[in-house]
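Undergrad: As given, the protein sequences belong to chains A and B, one line each in that order.
Each number in the working numbering corresponds to the 1-based position in the first sequence with 10 added.
Each number in the working numbering corresponds to the 1-based position in the second sequence with 10 added.
Each hint should be verified, as a subset may be incorrect.
Because identical chains share one entry, a pair is satisfied inside a single copy or across any pair of copies.
No farther apart than 20 angstroms at their CA atoms in a straight line, the calculated lysine to aspartate or glutamate pairs in the EDC-like style are these [claimed, not checked]:
no. : residue 1 : residue 2
1   : K84       : D131
2   : K176      : D114
3   : K136      : D24
4   : K136      : D96
5   : K237      : E193
6   : K170      : E255
7   : K84       : E193
8   : K136      : D68
9   : K84       : E104
10  : K237      : E135
11  : K84       : D43
12  : K170      : D232
13  : K220      : E46
No lab work stands behind these hints: they were computed from the structure.
2 protein chains.
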Amino acid sequence: MNNYLLTLCFDGSDYHGWQVQSNALTVQSRLQDAIEQILGVRESVTGCSRTDAHVHADMFCCNMRTQKEMAPNKLQTALNAVLPRDIAVLSVREVPLDFHARYDCTGKSYRYLILNRTVRDPFLEKRALHYPRQIDTAALNCEAQGFLGTHDFSAFCASKSTVEDKVREIRACSVQRNGDLVEFYVEGNGFLYNMVRIMVGTLLEIDSGKIEHGVIPYILADCDRTKAGVTAPAHGLYLHRVYYE
Amino acid sequence: MNNYLLTLCFDGSDYHGWQVQSNALTVQSRLQDAIEQILGVRESVTGCSRTDAHVHADMFCCNMRTQKEMAPNKLQTALNAVLPRDIAVLSVREVPLDFHARYDCTGKSYRYLILNRTVRDPFLEKRALHYPRQIDTAALNCEAQGFLGTHDFSAFCASKSTVEDKVREIRACSVQRNGDLVEFYVEGNGFLYNMVRIMVGTLLEIDSGKIEHGVIPYILADCDRTKAGVTAPAHGLYLHRVYYE
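Please model the entire structure based on the sequences and the hints provided.
TA: This is the structure we're talking about:
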């Protein structure tokens, strides 16, 4: 038995997220198709997380246990040759048999991209949220520091989530501007369903004045989803890095 | 009568270039559709140049003469509301009646984007040429200086071109690396059919050793298309700036 760790990058525009679904195109199903084509066996792959429909990944990790054996660099080249062009395998390496892409993950980071100018950018359609109103980046960066540390993130979790323990640790958080692009960056030990998108939606409502400045600590303490902002659209979100020991 | 100068930006991936063609989707036809929807008249627009199929534009200028009158900012907003999402109107302004987007153009610049790493980047599919072999950027930048100045560019022009005067002036030319991205930049008073793409194809063949170092001045002097390199693919090319007095 072998266990391979595959690191992917994908443009999620045309996918209904990572996880296999009936009647919907997903990254996992495309990858399993490619694996079947190369190895002759439809092996199952375990992802580091689910991702929502249309969310992108600068980096996404998954592992595959298989009886088949192939040199990692050959497996990478073969998969890249048959995968759709919007998914790439950045690396393949052999890992211990008990390695599990989700359980062994010690943290992740996300970035959320906002095009902050009046006119849209044709090159950022499906790649960034277009938000015309001028964002006070410095002010939002201060607000975002309210997420730092270990908190119950119930207020920043989609209500349909069934996860019981909603305590997560945020290790880094920032809002930065680069020309017309505003990027929200967040790194933590784990994330709840829609958590980053609700964080962004809340920050944008603080910017627009719909939510008061300085209340993020209180929203966290209340554990009430209705106190936080809307869920920002999926297409601005990128899973950025996945961390293991 | 009014004359409006429209500055556009477009992702050319899904278009057969700028100019209206029967049975092919072009940027000009989409823009004229939008104008007809807004003004109620199918006005014709004059572009600063043709662009090849799948070529992009950071900036593209065209002018429209019309009996209709509309405030420039209103026209811009209205057009952006109805245009496909891969075309944006960056600005609209009124210009003298005799202004002509092609004849009055005093220069243009192009950039050509190359992804120079082993693995493809899903986010740069249709946006950059994927060239896995490591490029010696500094060496190519020296080679590219051979294009500077006023020359007969017959060797760097598609053979089917019917333009008589093939003398053009190149004012700036460079090859620069930014991480895995290599960018060829060129600015001149005008460009022949496929000229930038043949310049890039030639530079890449110099890099791979198929064409000797230092021969660009000789290829120019020979005026022989067969001495230059292949025409690089369209999807890495961006019309970058369009200059007027």
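Undergrad: Could you figure out if K136 and D96 sit no more than 20 angstroms apart (CA to CA) within one copy, between two copies, both or neither?
TA: both (13 angstroms within a copy, 10 angstroms between copies)
Undergrad: Give the relationship of K84 and E193 under a CA distance limit of 20 angstroms: within one copy only, between copies only, both, or neither.
TA: neither (36 angstroms within a copy, 30 angstroms between copies)
Undergrad: Within a copy, between copies, both or neither: where do K237 and E193 come within 20 angstroms Cα-Cα?
TA: Answer is neither; intra-copy 23 angstroms and inter-copy 47 angstroms both fail.
Undergrad: For K84 vs D43, is the C-alpha pair at or below 20 angstroms within one copy, between two copies, both, or neither?
TA: This pair counts as within: shortest intra-copy Cα distance 17 angstroms, inter-copy 50 angstroms.
Undergrad: 20 angstroms Cα cut-off: does K136 pair with D24 within a copy, between copies, both or neither?
TA: both (9 angstroms within a copy, 15 angstroms between copies)
Undergrad: Go through the copies and call it for K176 and D114: within, between, both or neither, with a Cα cutoff of 20 angstroms.
TA: The answer is within: 18 angstroms in one copy meets 20 angstroms, while 63 angstroms across copies does not.
Undergrad: Check K220 against E46 for me: Cα-Cα at most 20 angstroms, and say if that holds within a copy, between copies, both or neither.
TA: neither (50 angstroms within a copy, 39 angstroms between copies)
Undergrad: Given identical chains, is K170 near E255, meaning Cα to Cα at most 20 angstroms, within a copy, between copies, both, or neither?
TA: For K170 and E255, neither the intra-copy (31 angstroms) nor the inter-copy (60 angstroms) Cα distance is at most 20 angstroms.
Undergrad: Regarding K170 and D232, is the shortest C-alpha distance of 20 angstroms or less found within a copy, between copies, in both, or in neither?
TA: Intra 18 angstroms, inter 71 angstroms, cutoff 20 angstroms: intra-copy only.
Undergrad: Please sort K237 with E135 into within, between, both or neither, judging by C-alpha distance up to 20 angstroms.
TA: Neither: 30 angstroms inside a copy, 40 angstroms across copies.
Undergrad: Which holds for K84 with E104 at a C-alpha limit of 20 angstroms: within a copy, between copies, both or neither?
TA: within (12 angstroms within a copy, 59 angstroms between copies)
Undergrad: Check K84 against D131 for me: Cα-Cα at most 20 angstroms, and say if that holds within a copy, between copies, both or neither.
TA: between (38 angstroms within a copy, 19 angstroms between copies)
Of the numbered hints listed earlier, those contradicted by the structure are 5, 6, 7, 10 and 13.
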